[in-house]
Every structure is written in C-alpha cells, then in structure tokens.
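Undergrad: Spelled out, the chains give:
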Amino acid sequence: MNIYKRSGKATLLLATGLAAAVSLTAGIANAADEVVMAVPTFLTGAGAPAFGVPARNGAELIIEAINKGTLPAPYDKSGKGLAGRQIKALIYDESGGGAKQVTEFRNKVQKQGVDLFVGYISSGTCAAITPVAEELKMLTIFPICGTPRIFEEINTKPKYVFRTMGHATADGVAEALYVKANMPNVKGYTGINQNYAWGQDSWRDFDLAMKQLMPSVPASEKAQWPKIFSGQYGAEISALMLSKEKLVHSSLWGGDLEAFIFQGSARGLFRKKQLLFSVADTSVYRLGKKAPAGAILGARGPYGIFAANVDTPLNNWFRKVYLDRYSVPPVGGSYQAAQGVLAAKYAYDKAAAANGGKFPSKDQVIAALEGATYQGIAAKVHMNRSNGHQAATKHMIGVLQWDKEKGEPIMTKVTEFAPDCVMPPSGINGTEWLKGGMKGAKC
Amino acid sequence: MRYVDKTVIGLSIAFVVLVFADFFMAEWMRFIGLQSLARGAVALGLLVLWRTGLVSFGHALYFGFGAYTAAMLTLIGFHDAFFLVFAGTLSAGVLAFLLGFLLRRYRAIFFALLNMAFSMILYGVIVKTEELGSTDGFSLGPPTFLGYAPEGEAVQTALFLFTLVFTYIVTVGVHLYMKTTLGSMSMAVRENEIRVEYLGYSAEKVIHVKYVFSGLVAGFGGAIIALAIGQVDPDSMANWTVSGEFVFITILSGIGNVGATYIGALVFELIRTYAFEYAPQVWQFILGGSLLAIIMFLPDGIWSLFSRFRKSEG
Chain A
1 MNIYKRSGKA TLLLATGLAA AVSLTAGIAN AADEVVMAVP TFLTGAGAPA
51 FGVPARNGAE LIIEAINKGT LPAPYDKSGK GLAGRQIKAL IYDESGGGAK
101 QVTEFRNKVQ KQGVDLFVGY ISSGTCAAIT PVAEELKMLT IFPICGTPRI
151 FEEINTKPKY VFRTMGHATA DGVAEALYVK ANMPNVKGYT GINQNYAWGQ
201 DSWRDFDLAM KQLMPSVPAS EKAQWPKIFS GQYGAEISAL MLSKEKLVHS
251 SLWGGDLEAF IFQGSARGLF RKKQLLFSVA DTSVYRLGKK APAGAILGAR
301 GPYGIFAANV DTPLNNWFRK VYLDRYSVPP VGGSYQAAQG VLAAKYAYDK
351 AAAANGGKFP SKDQVIAALE GATYQGIAAK VHMNRSNGHQ AATKHMIGVL
401 QWDKEKGEPI MTKVTEFAPD CVMPPSGING TEWLKGGMKG AKC
Chain B
1001 MRYVDKTVIG LSIAFVVLVF ADFFMAEWMR FIGLQSLARG AVALGLLVLW
1051 RTGLVSFGHA LYFGFGAYTA AMLTLIGFHD AFFLVFAGTL SAGVLAFLLG
1101 FLLRRYRAIF FALLNMAFSM ILYGVIVKTE ELGSTDGFSL GPPTFLGYAP
1151 EGEAVQTALF LFTLVFTYIV TVGVHLYMKT TLGSMSMAVR ENEIRVEYLG
1201 YSAEKVIHVK YVFSGLVAGF GGAIIALAIG QVDPDSMANW TVSGEFVFIT
1251 ILSGIGNVGA TYIGALVFEL IRTYAFEYAP QVWQFILGGS LLAIIMFLPD
1301 GIWSLFSRFR KSEG
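In order, the protein sequence lines correspond to chains A and B. Per this note's numbering, the very first residue in the first sequence carries number 1; after that it's consecutive. Per this note's numbering, the very first residue in the second sequence carries number 1001; after that it's consecutive.
Isolated chain A, as found in the complex:
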C-alpha cells in the first residue's frame, strides 16, 4: 500500500554508512618545514575582476619572492621564507557569503592544517570570520576589508585577528578634508552609492565627516541609491544632472563604476558635476583615456595609482614585476594584499630573531605583530589601534588627469593625510568619533 515503506533495510544501510563516514577523522599531513597560508579572495563573481584577482596577483608575487628570498630592501636580509620556512599558499574563492566562508574556514583549519590566513576582501566575510578565528585561535590577517565594526563591535579585544590597512572611516574623513581644502566654496553635495553595506557605510562616513568639517554645507535630500550590479544608471544620471549640488560623492566600483562612467560621459555629467570617487583606482588603468579627467579620486589609502611615483626599491620592484607578469599596473587591491602578506613576513622573522633564531610559536608571532610598525610596499604600516591589531597608514586623495606624453593616467593635486589625521584613535567607535568632532586628530 505504501511504496515508501519498503525502504527500511536501506535506512539501516544508511545508518552504517553514516557511522563509517563520521569515523573518518581528519588526516592532516603537511610537511613540518613549511608554513601553510590560506589566501581567500574573490576568484569568481562580480568582486573578482576589480578586487579579487588583483589581490591574488599581489599576494602571489610576494609569496613567491618570500619563498625565493628575492624581496628587495628592507626585507633583503631576512633570508628565504617565513622565519626560514617555505610558504605553502592555499588560494581559494571567497564568494558565496558568510555562512559558506565560515564552513570553509573551519575546513581549512581543522582538515587542512592551515597555520595562518591572509585574506578576505568583503566586509561581510570579515565580520563572519572574526568570531570563528578567535574561537579557533587562528592567526588571521585581513588585508583589505573596510568595515570598522570588526574591532569596534564584533571583537573589541582581539588576540588572533589583525587588519593591516585603515578602515572605511579613514576614507570618509580624508575625502571630506580634501573637499574642505580644495573646494571651500562648495554649496552642497549629493551622492550616488549602491544600496548595500559598502555603499551605505561610505556615504554615512563621508556625510558625517562633512557635517563636522563644513557644517554650513548641506547634503542633498535626494542622494541616489541604485541597486548593486544594476548596470543601468539613466534615471540616476538624470536626477544628478538636475540636482543643484555641484559635488557628487560615489563609492561605485568595478563593473558598476565603469557602466556609470560610460553612461555619464555620454551625457556630459562629468563636465557639469565634480565627481568624487572613493575607490575608482581599480578602474583607471582599465578605462585609460575614458576615465573622467578632473574627478577627485581615492584608493582607500596610498595604494595603486597613488604609489606610481613612490621611489623605493620595494615599490619599484613590485610595480615592475607585477607589470611584467600581468601586463597591467598593480591597483589598490594588489598593494593591500601584498601588504597583508608582508605583515606575516615581518612578524615571523621578528619573532624568530627574538626566539634566538628558532622557529617561533604562534603566540610569539602574534606578539611580534602587535603594535609593530613595518614597511608596506607603498607606505609604512602602523599597527597602533585596537590593542595593536588595527593598522593606520597615511591616506591620499587627488585629481585624475590623463598624461598625454606618457599615455597613462596620473594623479595631480595630491594631498597626503597623516595616519593620525584620518583614523580614529584607539578605543573609540568611528561613528561616535566623527559625531563628537573628531577629537584627537593630528593633521
């Protein structure tokens, strides 16, 4: 009568099968003389071309150079590998959301015996990973993700998690400072930001910083909030053209940004409005001449195009090797990922030196990185926030121009901001710091 009743014996089989499956315990077999470094980054999906792949390229180059011992000064005297051990890199995909990444994090730690993580681009993934990394006591370096919540809300006393670049609050402050210095007569500002976490945060921080620095300048009530990955900006461009504000803030990136630029250029938006792009550096080399000259640009720090003229052996080497191998100059993500890997190099070597030349323990590596100042590719990195786990670096904003002679985009009217000018001091929530008038900022 019931066709499903017959399957009882099979269910017994299932029980034995499950029992067999669970008795399969982890078999971790990594060579003792190597350090296994997991490098999660976007390899598929929309985040891949703008951030994920450049970040992977940057990390890959540095890891290879560390293994061969070919890094230029100041890393030329510390020998091959991390404290003498070769890095075995596991590069894998960050896409699929927080839940999938937490599962993957556990797999990498418990099944593949990873020693440290250097990676994650999306703020959402970083937020999901932070509690797990602390729970599993796993050294984790976030080189890129921007949300201030990591050490402000999710874990205020981190032990195992580090971030080696400034967070999103610094971007908003630097942008507002730049506007104040270069557009003192601006009458108001509006924005076009994607309606998701990054877009909302970027606008909020810029808006809060503007309210402090230029309290008489009003924000538009009609800032535009297109959907992420919408790709069509006809209505938004019309609204921006009609708005009375001259200044337009935008945190668009990747394909969305490029679509917006093509559609906006065709309608003369960039002649009529002053655009301020917070992360457009990822696209300037791809767009070449089509990138809107005259737009104010940021790269979330002194990275990418802003580092084009930094004349140090490390930076010259990085740009040359990167260009030779990938046929494009390194962008922000490449620099930031490389900077994260260098933090590991610095910390392992310093810890080994303090340990009498012997390979250091995890706690020794952490102690070496906490509060340290080390040389990134483009700038010095000061690990001096959140108990020495959050970095501050200098920040740069400038105006994009096309250099006809060299045939490449360049940054002009660049202003440099000191780390303590744009990053909130230790122990205070970024939003509160902005609302309270940015007390303690040293500009």
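It is worth saying that the hints were derived from the structure and are not from the lab. Possibly wrong hints are sitting among the right ones.
Only part of the chain B face toward chain A is listed, based on derived beta-carbon distances under 7 Å [claimed, not checked]: (1) 1028; (2) 1204; (3) 1236; (4) 1273; (5) 1274.
The calculated label-pair distances, taken between Cβ atoms and stated as ranges, are [to be verified]: (6) 1079/B / 181/A: 33 to 41 Å; (7) 1124/B / 242/A: 47 to 55 Å; (8) 1286/B / 443/A: 48 to 56 Å.
These numbers come from a predicted model, not from an experiment. Note that beta-carbon positions come from the ideal geometry of N, C-alpha and C, so glycine has one too.
Fit chain B to the given chain A structure using the hints.
TA: This is chain B only, laid out in the frame that chain A set:
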C-alpha cells in the same frame, strides 16, 4: 507481533550512532554534519511539497526569515537556543501560513516562481536595511542551552546534539504523518486533484498544510544555521541561490525516503568542500556537473541507489 516501521528503526539507529559520534567526530566533520542536518531539514520540507507535486524556488524566504528572527532576538538579549530556534521556526511557519492563502492557488512553474518572488522581496528588504547590516549582516554570540553556556568546541558539540534531537523528532514525525490519510493525500493531489475534491477533500487545504510544514522546517534550519555560523547575512541566508541549493539537495536525495534528504545534504556539503579544496577556480562547475550527472544517471536521486541494492538482494 506488531509491525514496526523499518524507516523508523533505521532513523533511530542513525540517531543513536550520531549521538555517540558527536563526541569523537573531527571538528570540521561535525560542522559539516551540523549544516547537513539543518539543510536536510529544509529539504525535508521541499520533499513533502514535491510529493504533492510542487517545487519551490523560494524557500530561502523561510530559511532567511527563521535565521534573521533568531539573530534579531539575540540583539535584544535572548541567547537561549531553545527559545531562538522555537521563535525562528514559529515565525517562518506563521509567514508560510499567511502566504499560503495565496500560494496554494498556484501550481507548477507559477508556484515555483511566486515563491522565488517573495523570497527576493525579503532579500531586498534586508539589503536596504542599514540597521541589520545590509549585505554585511550582523553577528550573534554563542547560544546557551537552558542556562548551560558552553565555550569553544563544546558549543558545536551541544548544538549538534540539540539539532540532532529535533531533526530526529521532526523526521520520524513526517514519516509517520505521510502514512496517515491526510499525509497520503499528497500523492493523490499530485496525481489527480479533481478526484481528490470529489472524494470530499480540499486539495488547496492539503497543499496549505504541507506548505506551512515546509515553512516551519525551513525556519528551523535557518535558525540552526544562524546559531552554528554565528552570523547572518542575506547572501547566504535569503538569496535565490540558497533556494537553488535546497532544490539541488532535494534532487540529489530523491523523494523516496525522508532520511534521504540528510544524506543528500551531506553529499552536497562534501562535494562543495572538496571542490573548493581541489578546484578553487572552477568549483561551481563541479557542483553543477554533479547535479547533471545525478539527473542523467540517477534520476530518482541518491536514494534510488539504496532501493536498487535492496531489489538486487531480494
């Protein structure tokens, strides 16, 4: 001697084995097992709908609703797993009950896509809500169990046991229910609705009951995953790709037996884990390829392997 159902025996043995296994399983395996139980429970709801002849491409709606309900309750100070999971399950059930009045009138592709439409409304609302962290989501701390507050690995061990007990009860319940008159009505509705109506039953009511059930278990699965991961975000909780994964698991498992959904979920998680490990650039191809292979070679899902084995034996 009174007839004892073999599926119930099988499930009970699996239950006992897993309870003991919980304490010596490798940590990563337990975590995958926990996810498989939660996702398998959602697939169980889809299986019930499927037996009624309906496929939903939108059960991430209830999954996400359950997850976010549980997570939002932690924001106002509730941390007890029993309460959070109960609230997540119930809220998703209530939502399914309300939407059921509309959805029970549709069949086939209209039913599938209307579900998807509703799930994407939830997705859109979450993404636009800055207070809930938008696409970044927000985190919730480790749960407590009636005053017992485990730390470290014990959290997962306790949560696994907790989930196991409830999925066992639900699965056995569903199995027994499917044999009652109202339960058997599923297939009757699938085969011939008009006849069902002539027999004096309302096909729409039958569907509504199944729909509410599927919403309840999806909410249950969502709340469990939220507690297990410690973070909710719309992309892994409410996006249409999540609904797709549930359909994937259901196809993988086949609808032959209620226990199959858990095996399907486990196989799905394992394929994904190993694809991630060995082919980080093309893991989606491997996932899609295995689905194609299942459809071509095992159209009735993994469960048909077991029944084949049984047939050749007998």
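Undergrad: Each hint: holds or not?
TA: These are the hints, each one checked on the structure:
no.: 1; hint: 1028; result: 4 Å, holds
no.: 2; hint: 1204; result: 24 Å, violated
no.: 3; hint: 1236; result: 3 Å, holds
no.: 4; hint: 1273; result: 6 Å, holds
no.: 5; hint: 1274; result: 9 Å, violated
no.: 6; hint: 1079/B / 181/A: 33 to 41 Å; result: 48 Å, violated
no.: 7; hint: 1124/B / 242/A: 47 to 55 Å; result: 26 Å, violated
no.: 8; hint: 1286/B / 443/A: 48 to 56 Å; result: 52 Å, holds
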